[in-house]
Amino acid sequence: VLHIARPIHTSQQCLAPLPPLPEKGGEVRHGLIPEEFFQFLYPKTGVTGPYMLGTGLLLYFLSKEIYVINHETVAAACILSVIIYGIKKYGADVAAFADKLNEEKVAKALSVKNDAIKELETAIEQEKKEQWRVEGRSYLFDAKRNNIAMLLEANYRERLLTVYNEVKKRLDYQVAMQNLKRQKEQDHMIQWVEKNVVQSITPQQQKESIAKCILDLKALSKSAQVAV
Amino acid sequence: MAGRRAALKAIDWAAFAERVPAAQRAMFNALKTRSDALSARLAALPEKPPAIDWAYYKAAVAKAGMVDEFQKKFSALKVPEPVDTQSAKIDAQEQEAAKTTAEYVQASKARIAQYENQLKKLRSMIPFEQMTFEDLNEAFPETKLDKEKYPYWPHKPIAEL
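Each protein sequence line maps, in turn, to chains A and B. The UniProt record's numbering numbers the first residue of the first sequence as 1 and each following residue consecutively. The UniProt record's numbering numbers the first residue of the second sequence as 1 and each following residue consecutively.
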């Protein structure tokens, strides 16, 4: 990313929030020299300009002994080479790890926010549902009134039925009493008649009737023998 | 006779059951069983008792005038209708219920408005990647570090790190 001049609050009293900062820093060549330097020299000296400048400067410092080569040079060379090797090999992994840590933090915060949003939405739905439920209260009172009406009606009918049953019971009792009395009188009369008849049979009549019965039986047995 | 047959309103028990919250289901079931028992009892009873056959009894009963007396008294008898004592209470209950429901609905609406406000605030937040710590403290006041109570870093008890 090449940095161009960011226009920040150029006019008066701008209350809008700033645009977010860029994610990555400016581009550099060889890890040290910003790209803008090369672009700055390009119109005059072309692509090789900065490199020529660098080489010339280095040779000048070395030949004029403005920079003296001594043991620290060797130390610097070794240290720098180790560092650069380390960065080149493991740099990307370390960067990814650090990014992951940051990502986790942000993801946690995001999940908290999303959970809060979801909870609020469900809460709103619940409230609306409760309001809908409450609207159905008329059912309850209709049911109660129905119960009362049914109870009253059932009681009234039961009373009518009781009256009818009682009256019928009494009438039936009268009729039954009469029938019973009639029957008892009849039975008694029959018994009395029978008793008198049996009493009036004299011993003489009994002997005659028995003899007649025996004669009848003999005649019957004769006819029965013939039939067999 | 006019007040006797108060029309029984057809109740949609299914729709009623939908609106009952889980906490009050036992009460609803009790009410339903009671209603069903009452309607069964009502259906079992005949609307009018069968008519008494006066001619037969007049011929059968020997005692003179007894049947006529019974008949006269029977037709003159007026069975009193049961008095309705509870309807007024039901109406009073209904009024009260209307009032409490109005209050409840109002409170519920206030709560909904509150939730909607919070929801709006949450939805219109800038993404976390672009927030500074100041912005975070504004959006979620509970993340603000209390520098008076805990003047030394990390400005919160170690257990909460």
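Calculated from the structure, these hints are not laboratory results. Backbone N, C-alpha and C fix where the C-beta goes; we use that ideal spot for every residue, glycine too. Any given hint could turn out to be false.
Claimed, not checked - Computed from the model, here is a short list of chain B residues facing chain A with C-beta under 8 Å:
#1 A62
#2 E81
#3 S124
To be verified - Which residues of chain A face chain B? A partial, calculated answer using Cβ under 8 Å:
#4 D115
#5 K118
#6 V134
#7 V175
#8 K195
- Satisfaction of the A62 of chain B interface hint, Cβ to chain A closer than 8 Å: A62 of chain B check passes; min Cβ-Cβ to chain A is 6 Å, inside 8 Å.
- Message: Min Cβ distance, S124 of chain B to chain A: is it shorter than 8 Å?
- Response: Constraint on S124 of chain B not satisfied, violated at 11 Å.
- Message: Given a cut of 8 Å on the nearest C-beta pair, is the interface hint for K195 of chain A held or broken against chain B?
- Response: Since the shortest Cβ distance to chain B is 29 Å, the answer is violated.
- Restraint satisfaction for V175 of chain A [CB to CB of chain B, less than 8 Å]: holds (5 Å)
- Query: Can K118 of chain A be said to touch chain B, with a Cβ gap under 8 Å?
  - Reply: Constraint on K118 of chain A not satisfied, violated at 10 Å.
- Query: Does E81 of chain B pass the interface check with chain A, least Cβ-Cβ distance below 8 Å?
  - Reply: holds (6 Å)
- Query: How about D115 of chain A: closest beta carbon in chain B under 8 Å, or not?
  - Reply: violated (10 Å)
- Evaluation of the interface hint that places V134 of chain A against chain B, nearest CB under 8 Å: holds (5 Å)
The structure shown violates the earlier hints numbered 3, 4, 5, 8.
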